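Asker: Throw the hints in and build the complete structure from the sequences for me.
The opening residue of the sequence shown carries number 45 in my numbering; numbering runs sequentially from there.
FYI, nobody ran anything at the bench for these hints, they're computed from the structure. Mixed in with the good hints there might be a few duds.
[What the hints assert, rightly or not] The calculated lysine-lysine pairs, modelled on DSSO-like cross-linking and capped at a C-alpha distance of 27 Å, are:
hint : residue 1 : residue 2
1    : 490       : 374
2    : 374       : 425
3    : 449       : 508
4    : 398       : 425
5    : 398       : 374
6    : 496       : 374
7    : 374       : 484
8    : 398       : 372
9    : 372       : 484
10   : 374       : 449
11   : 484       : 398
12   : 398       : 490
13   : 425       : 508
14   : 372       : 496
15   : 425       : 449
16   : 372       : 449
17   : 484       : 496
18   : 508       : 496
19   : 425       : 490
20   : 449       : 490
21   : 425       : 496
22   : 484       : 425
23   : 372       : 508
24   : 372       : 490
25   : 496       : 449
Predicted model only: the values in this text are computed from it and were never measured.
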Amino acid sequence: MHCRERYLHREGCVPKGVTGALERGEGPWGGVCAQLGNGSLGSGLFLAGGRVPGKWLMRCHGVVGRGCSASQGPGPGWAGLIAPGRHERGQRGRRAWLGASPGSHTWRLEELRRLQDARSVASIPGSPAAAAPARAEAEQRQRGRLPPMEPGPAGSPGRGLRRGRRLLLAAGLSCTVLALFTCLQELPPLDAGPGRTRPPPEVTVLLWWEPFGRRRRHMADCQRRFNISGCRPSADRSRYREAQAVIFHHRDFVLHGLGQLPAGPPQRPPAQRWVWMNFESPSHSPGLRDLAGIFNWTMSYRVDSDIFVPYGYLRARQASPRFSLPRKTKLVAWVISNWNEAHARVRYYHQLRKYVPIDVYGAQGPVLEEGSMVRTVSQYKFYLAFENSQHTDYITEKLWRNAFKSSAVPIVLGPPRSNYELFIPPDSFIHIDDFPSPRKLAIYLKFLDQNKPLYRRYFAWRDKYDVHMTSFWDEQYCKVCEAVRTAGDQLKTIQNLASWFES
Numbered sequence: 045m046h047c048r049e050r051y052l053h054r055e056g057c058v059p060k061g062v063t064g065a066l067e068r069g070e071g072p073w074g075g076v077c078a079q080l081g082n083g084s085l086g087s088g089l090f091l092a093g094g095r096v097p098g099k100w101l102m103r104c105h106g107v108v109g110r111g112c113s114a115s116q117g118p119g120p121g122w123a124g125l126i127a128p129g130r131h132e133r134g135q136r137g138r139r140a141w142l143g144a145s146p147g148s149h150t151w152r153l154e155e156l157r158r159l160q161d162a163r164s165v166a167s168i169p170g171s172p173a174a175a176a177p178a179r180a181e182a183e184q185r186q187r188g189r190l191p192p193m194e195p196g197p198a199g200s201p202g203r204g205l206r207r208g209r210r211l212l213l214a215a216g217l218s219c220t221v222l223a224l225f226t227c228l229q230e231l232p233p234l235d236a237g238p239g240r241t242r243p244p245p246e247v248t249v250l251l252w253w254e255p256f257g258r259r260r261r262h263m264a265d266c267q268r269r270f271n272i273s274g275c276r277p278s279a280d281r282s283r284y285r286e287a288q289a290v291i292f293h294h295r296d297f298v299l300h301g302l303g304q305l306p307a308g309p310p311q312r313p314p315a316q317r318w319v320w321m322n323f324e325s326p327s328h329s330p331g332l333r334d335l336a337g338i339f340n341w342t343m344s345y346r347v348d349s350d351i352f353v354p355y356g357y358l359r360a361r362q363a364s365p366r367f368s369l370p371r372k373t374k375l376v377a378w379v380i381s382n383w384n385e386a387h388a389r390v391r392y393y394h395q396l397r398k399y400v401p402i403d404v405y406g407a408q409g410p411v412l413e414e415g416s417m418v419r420t421v422s423q424y425k426f427y428l429a430f431e432n433s434q435h436t437d438y439i440t441e442k443l444w445r446n447a448f449k450s451s452a453v454p455i456v457l458g459p460p461r462s463n464y465e466l467f468i469p470p471d472s473f474i475h476i477d478d479f480p481s482p483r484k485l486a487i488y489l490k491f492l493d494q495n496k497p498l499y500r501r502y503f504a505w506r507d508k509y510d511v512h513m514t515s516f517w518d519e520q521y522c523k524v525c526e527a528v529r530t531a532g533d534q535l536k537t538i539q540n541l542a543s544w545f546e547s
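Answerer: Here it is in structure tokens:
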């Protein structure tokens, strides 16, 4: 197969079918430039290419040879080894030159042309360029730096030297091919390309108890709501054997006891994960000591859970209308359903209300209509986001929904300020620990009430972030599907559930 061009992709350099395959990005392909005449390998560039959708793949830059050969390789594609360079258009059509992986030498067209011209001149009999190598070699032999030239038969001067050069060239080419083959064996296989991506394997997640005994008509549509395909949450216990993960809600686990766990030989299908799910604080999670060695994964609000699902989080603000602060006509609000005089939050409230008016809704005040909480609290400048107990990462809807969604500045009582700052900007909330006493806090709130610019600083972050509230319980089920897909084959068993969660 011969051609007069130096670029393998030129029409006529390779059979039409191969040319089309190269243009479409199908591979892998390899090729070697060869001299005309006896068909022996010349000093052309060995090349390789692979499939990179939408990009040019391989080119043969002949240095001396005027012919090209191409072959399709059986191994994995070489797109990871050969990186397509920039392209030019000229009289010879589209030209591209390829470099090896990052950091290696990249051949330039100008360099190839200079090499081409130099070798062409050196091949002219009697030219100074052709004689220069022979003179240099003779001087080296006279000085003893090279062994004497092996005599050849009559009429064949230097035949031994030419034979040595051919052997050296063959050895070099063999080493190059072996090195490439060794590298290519370690390259990952190419993906299926556009339109051919394999769908993710389907995952069945079984919910053993629906949280708090509330039955649902329909399970989560993970594809529509969270763009997670192939996820099949179910509460049908007949699917236990096919489920890759089974979720156990802690509160219902305590209610029903160990006797309600799946039973039968074998107790668990191979590779099935049992997931302990809990979104209450340790202070309201009895029975933890009985759960050692049962579960494989944890799912909770704690960052160090196997599956971390917070009550809410901030995400980058998209191209949406600029944040507008609602009109505020009242000072401090608090919505509470579980009133306990022994709780730290209730004790602090009694101290704070001595110095500043606080409107309480719920257990100790007017009961809000369903769906009216955000509308009601948005009239207030501040909201008491007081947690029922103080534990690591335990930051609930009291901050995310009651305060942030209502555009009120949260006054928080919970974990330390540093823990809050892992999730929200430091100037987006007021921590009770910032002040030595409730009276000092009340003085500061009254000061902000009279200083509008300083008050508005607590909303500066709104220009960059939006508040996302976790969708209970759909988001949890769908996240388990993601965890199953990314997990390895090795299973673990949690032996220290109580000591971890209570820490």
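Asker: Each of the hints needs a verdict: does it hold here or not?
Answerer: Consistency of the hints with the structure:
For the given pair, residue 490 sits about 12 Å from residue 374 by alpha-carbon distance, which is consistent with the 27 Å threshold. Distance hint between residue 374 and residue 425 is fulfilled; the C-alpha atoms sit about 6 Å from each other, no more than 27 Å. For the hint linking residue 449 to residue 508, the alpha-carbon distance of about 15 Å falls within 27 Å, and the restraint holds. For the suggested pair residue 398 and residue 425, the alpha carbons sit about 18 Å apart, so the restraint of at most 27 Å is met.
Distance check on the hinted pair: residue 398 and residue 374 sit about 17 Å apart at the alpha-carbon level, within 27 Å; holds. Distance hint between residue 496 and residue 374 is fulfilled; the C-alpha atoms sit about 14 Å from each other, no more than 27 Å. Between residue 374 and residue 484 the CA atoms are separated by roughly 20 Å; this keeps the pair inside 27 Å, and the hint holds. The straight-line distance between the Cα atoms of residue 398 and residue 372 is roughly 22 Å, inside the 27 Å bound, and the hint therefore holds.
Among the hinted pairs, residue 372 with residue 484 is consistent with the structure: their alpha-carbon atoms are about 23 Å apart, no more than 27 Å. For the hint pairing residue 374 with residue 449, the CA-to-CA distance comes to about 17 Å; that is within 27 Å, so the pair holds. Distance restraint check for residue 484 and residue 398: the Cα-Cα separation of roughly 12 Å lies within the 27 Å cut-off, and the hinted pair is therefore satisfied. For the hint linking residue 398 to residue 490, the alpha-carbon distance of about 13 Å falls within 27 Å, and the restraint holds.
Note on residue 425 and residue 508: the hinted pairing holds, with a Cα-Cα distance of about 21 Å set against a maximum of 27 Å. Simply put, residue 372 and residue 496 have alpha-carbon atoms about 11 Å apart, close enough for the 27 Å limit, and the pair holds. Proximity of residue 425 to residue 449 is assessed by CA-CA distance (about 13 Å); at most 27 Å being required, the pair is judged to hold. A distance of roughly 14 Å separates the Cα atoms of residue 372 and residue 449; the hinted pair therefore holds under the 27 Å criterion.
Simply put, residue 484 and residue 496 have alpha-carbon atoms about 19 Å apart, close enough for the 27 Å limit, and the pair holds. For the hint linking residue 508 to residue 496, the alpha-carbon distance of about 21 Å falls within 27 Å, and the restraint holds. At roughly 11 Å between alpha-carbon atoms, residue 425 and residue 490 fall within 27 Å of each other, so this suggested pair holds. Pair hint residue 449 plus residue 490 holds up; C-alpha atoms about 23 Å apart against a cutoff of 27 Å.
In summary, the hint linking residue 425 to residue 496 is supported, as the alpha carbons are separated by about 11 Å, within the 27 Å threshold. Proposed proximity of residue 484 and residue 425 is supported: the alpha carbons are some 18 Å apart, at most 27 Å. For the suggested pair residue 372 and residue 508, the alpha carbons sit about 22 Å apart, so the restraint of at most 27 Å is met. The hinted pair formed by residue 372 and residue 490 meets the criterion: a straight-line CA distance of about 14 Å does not exceed 27 Å.
The straight-line distance between the Cα atoms of residue 496 and residue 449 is roughly 20 Å, inside the 27 Å bound, and the hint therefore holds.
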